[in-house]
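Student: Letter 76 of the sequence shown, counting from 1, is numbered 76 in the numbering used here, and no numbers are missing.
Calculated from the structure, these hints are not laboratory results. Where hints are given, some of them may not hold.
As the list claims (entries may be wrong) - Straight-line Cα separation of at most 20 Å, SDA-like style, residue types lysine to any residue; simulated pairs: (1) 557 to 515; (2) 328 to 384; (3) 343 to 612; (4) 336 to 604; (5) 110 to 218; (6) 104 to 530; (7) 478 to 497; (8) 440 to 583; (9) 557 to 418; (10) 336 to 383; (11) 130 to 179; (12) 478 to 499; (13) 440 to 348; (14) 79 to 532; (15) 288 to 386; (16) 110 to 254; (17) 104 to 87; (18) 557 to 410; (19) 217 to 85; (20) 440 to 420; (21) 393 to 495; (22) 440 to 425; (23) 288 to 317; (24) 217 to 88; (25) 328 to 85; (26) 557 to 636; (27) 336 to 612.
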Amino acid sequence: MFFNKKSGNISSLRGSNRGPYLPSAQKLQRNIFWRKAFRFGLFLAGGGFLVTLLITIQIAYQLPDVESINTYVPNETTKIFSAEGIVLAELHREENRMIIPLNKMSDFIKAAVLASEDNEFYKHYGISTKGIFRAVFANLKAGGAAQGGSTITQQLARNVFLYKRKKVVRKIAEILLSLQIERRYTKDEILELYLNQIYWGHNSYGIESAAQLYFGKHAVDLTLPEAAMLAGILRAPEYYSPYRNPNGARLRKDIVLNRMAELGYITGQEYFQSKEIPLVLAGRKKLKYKAPYFTSYVVKQLIAMYGEDVVYNDGLRVYTTLEWDLQKPAEDVVDKYIQEGQKPYWTSKGEVSSLNYTQAALFCMDPRTGYIKAWVGGYDFLKNEFDHIYQAKRQPGSAFKPFTYLTALNMGFSPGTVIEDSPVTFNTIEGPYAPQNYTKVYQGGLTLRKALERSINVIAVKINDLVDPSNVIVTCRKLGLTSYLPPVLSLTLGSAEVSMLEMSKAYSAIANSGVKVDAVSITRIEDRNGNELFRHSIQQTRVFDDNVTNTLIDMMKGVVLNGTGRAALINRPMAGKTGTTSDYRDAWFFGFIPQMLTVTWVGNNDNSPMNEVTGGLMPARMWHDFMLEAVKNVPVAYFPRPYG
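Produce the entire structure from the sequences given, and follow the hints as far as they go.
Tutor: This is how it looks when you write it as C-alpha cells:
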C-alpha cells in the first residue's frame with residue numbers, strides 16, 4: 001500500500017509498476033503496537049527482576065544466622081527411669097523428641113530417607129535444580145502437588161527457621177538459608193539435625209521417638225523394612241500412619257524399597273525379601289506411664305522443682321528409686337485382692353455376695369534409706385487416678401497404737417508393765433467416753449506386750465491417758481506425721497485422719513531403730529547433655545533411743561507371731577501391726593523386715609463400710625503375698641535385740 005500524494009488517499013497499487021510495495025497503515029499500527037508491547041515487556045521484566053532482587057536482598061538481610069543451629073535447642077522429651085533403668089514415663093507437650101547422634105541411627109534409615117527425600121544429598125550444595133525440575137514435571141503431570149522439590153537441607157531450614165513465614169517469602173529464604181547451611185555444616189551434621197528434627201506423626205519428632213512409637217525399639221536397631229516404612233510416611237505422617245492407615249503405610253514402604261533398589265542402596269534380593277517381611281508394630285500405649293501412681297507423684301515433684309516448661313520441654317533424665325521387679329508384683333497383688341473381694345464370703349451376719357470394697361493400695365520402702373521401692377496408689381488408674389498413698393487421708397485405726405506404746409516406753413514403761421483390761425469411762429470435755437474392745441470381751445490384767453499383740457483398745461486408751469495425748473502427738477511429730485492430731489483419748493485408736501505416706505514414714509523410723517529418713521522417690525536428675533542437676537543425699541535423724549524402738553519392734557514381732565497379724569507371717573524375722581476402723585471403712589497392715597517396710601490398705605473411695613474386713617484379713621494376706629515375692633533375693637536379716 002502506498003500514499004497517493006495527488007489525492008491524499010491511500011490506494012492499493014499491488015500488481016502495478018509504480019514502485020515498491022509498502023505496508024498498509026493498519027499493519028504499520030500493528031507493528032508499532034508490538035514494538036511498544038515488547039519495550040513495555042522488557043520494562044516489566046526489568047522492573048520485576050529489580051523488585052525480585054530487592055526483595056531477595058531484603059530477605060537475605062533479615063535471615064537468621066545459621067550459626068544459631070549450634071545453639072538451637074529443640075524441645076526434647078523428659079524421661080523418668082526406674083532404679084533398673086526401665087523407662088517409666090516420657091513427658092512432653094506437642095513435641096515428643098529424643099535427640100541422638102547420627103551413629104546411633106540405623107544405616108537403613110539414613111539410606112531410606114535419602115532415597116525417598118533427597119538421593120543427591122551428598123552431591124548438591126543445598127538446592128537441587130534436577131529435583132526442582134523433576135518436581136515441576138511430576139506436579140504438572142499429576143495436575144497438582146504430587147512431589148516436592150526441596151532438598152533435605154531446605155527442609156531443615158524450613159523446619160528450624162521458617163515454619164511461620166509466608167509461602168513465597170519462605171521459599172526464597174529457604175534457598176538462601178540452605179546455601180548458607182551447606183557452607184557452614186558438613187553433610188553428616190545436616191543429616192543428623194534433619195533426622196532429629198523432622199515430624200513422624202502422633203506428636204513424635206525425630207527418628208528415635210518415631211522408632212519407639214511405631215516399633216518399640218531404638219533407632220539404631222531399625223531393620224530395612226521398618227526404615228523404609230518410616231521414610232515412606234514422611235510425606236504425610238498422620239495420613240500414612242500405620243496405626244490409622246496400614247495399607248497406605250505398606251504401599252509407601254514398598255515405594256521406598258523400590259526406590260532404594262533403583263538407586264543401588266539395596267540389592268534386588270533385599271528388595272524382594274523386605275517386601276514380604278510383615279511389620280510388627282509396638283501398639284499404641286493405653287497408659288501414659290508405667291507405675292502410673294508413682295510416676296504421677298514424681299511429675300508433681302519435678303514441676304515443683306523446675307516448673308512445667310522445663311519438665312515438658314527440656315529433656316531431663318530423671319532417675320528414681322522405684323524397683324520394677326517389686327512394682328510388678330505389687331500391682332499384681334492389688335489386682336488379685338480386688339478380685340478376691342468380689343467373691344462371696346461368710347461373715348458374722350451370714351453369707352455376703354462380696355466384701356464390698358473396690359479400692360486397694362500398697363506402698364513399699366527401704367526404712368534405712370527412705371527409697372521408695374513400690375507404689376500402687378489404687379486399682380485401675382485409667383478409671384481412678386486418685387492416689388490413696390498421698391492424696392487420701394483416712395483413719396488408720398489400731399495401726400496408730402504403736403505411737404502410744406512408743407511414748408510409754410520412752411517414759412519408762414516396759415513390755416512387762418501390766419494394765420487392767422476392763423470396762424472404763426473417762427470424763428472428758430466432750431462428755432463421758434467409754435472405749436470398747438473389738439470383741440467386746442475383757443481379759444483382766446495384761447502386759448503391754450500382750451495388749452499390743454491382741455490390739456486391746458481399752459488398754460491402749462488407758463495408756464494414752466497415763467502418758468497424756470499431747471505427749472503422743474509429740475512422738476508422732478518426731479516420727480514425721482504432719483496431719484492435724486487432736487489431743488483426745490481416742491487418738492490412740494486412730495481417730496485422726498492421716499495419709500498412708502506419712503504413716504509409712506513414721507513406721508520406717510521405728511523399723512530403723514529410731515532413725516528417721518524422708519521417703520525418697522528421685523535419686524538423680526540430669527539435663528539433656530548429661531550434666532547433673534540434682535543428686536539426693538540421704539539425711540538421717542535420730543529421733544528416739546535405739547533401745548526404746550528396738551523394744552517396741554520386739555513387741556510388734558508378737559503381733560504376727562501370736563496376734564492379729566498372723567495371716568501376714570513369712571519365714572523370716574518381721575514385725576507389724578493391723579489397723580481396722582469403726583464400721584469397717586478402712587483396713588490396714590503395716591509390716592516390716594529390717595530391709596523393707598510394706599503397707600497395705602483396702603477400702604472405698606466414698607468411705608462406705610466394707611463387710612467385716614479387718615486389717616488381719618485382706619491387708620495382711622496382701623502383705624504376705626507381696627513380700628514372698630519381694631524378699632526372694634533379699635538375705636535374711638535380724639532386728640537388733642533390745643537390752644536391759
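Student: Quickly compare the C-alpha distance for residue 557 and residue 410 to 20 Å and report which way the hint goes.
Tutor: Distance ~19 Å between residue 557 and residue 410 Cα, so the pair holds.
Student: Next pair to validate is residue 110 with residue 254; report whether the Cα-Cα distance is within 20 Å.
Tutor: Satisfied, since the Cα-Cα distance of roughly 16 Å is no more than 20 Å.
Student: Checking one constraint from the list: CA of residue 557 to CA of residue 636, max 20 Å. Satisfied?
Tutor: holds (15 Å)
Student: Given the hinted pair residue 288 and residue 317, is their Cα-Cα distance within 20 Å?
Tutor: The given pair, whose Cα atoms are some 17 Å apart, holds under the 20 Å limit.
Student: Between the alpha carbons of residue 478 and residue 499, is the straight-line distance 20 Å or under?
Tutor: holds (16 Å)
Student: Holds or violated: residue 393 and residue 495, Cα atoms, limit 20 Å.
Tutor: The given pair, whose Cα atoms are some 11 Å apart, holds under the 20 Å limit.
Student: With a cut-off of 20 Å on the C-alpha distance, tell me whether residue 557 and residue 515 pass.
Tutor: holds (19 Å)
Student: Would you mind confirming whether the straight-line C-alpha gap from residue 440 to residue 425 stays at or under 20 Å?
Tutor: holds (15 Å)
Student: Verify the proposed pairing of residue 328 with residue 384, using a straight-line Cα cut of 20 Å.
Tutor: holds (18 Å)
Student: Keeping to a limit of 20 Å between CA atoms, is the pair of residue 336 and residue 604 held or broken?
Tutor: holds (16 Å)
Student: Does the structure keep residue 328 and residue 85 at a Cα separation of 20 Å or less?
Tutor: holds (15 Å)
Student: Between the alpha carbons of residue 110 and residue 218, is the straight-line distance 20 Å or under?
Tutor: holds (14 Å)
No hint from the list above goes unmet by this structure.
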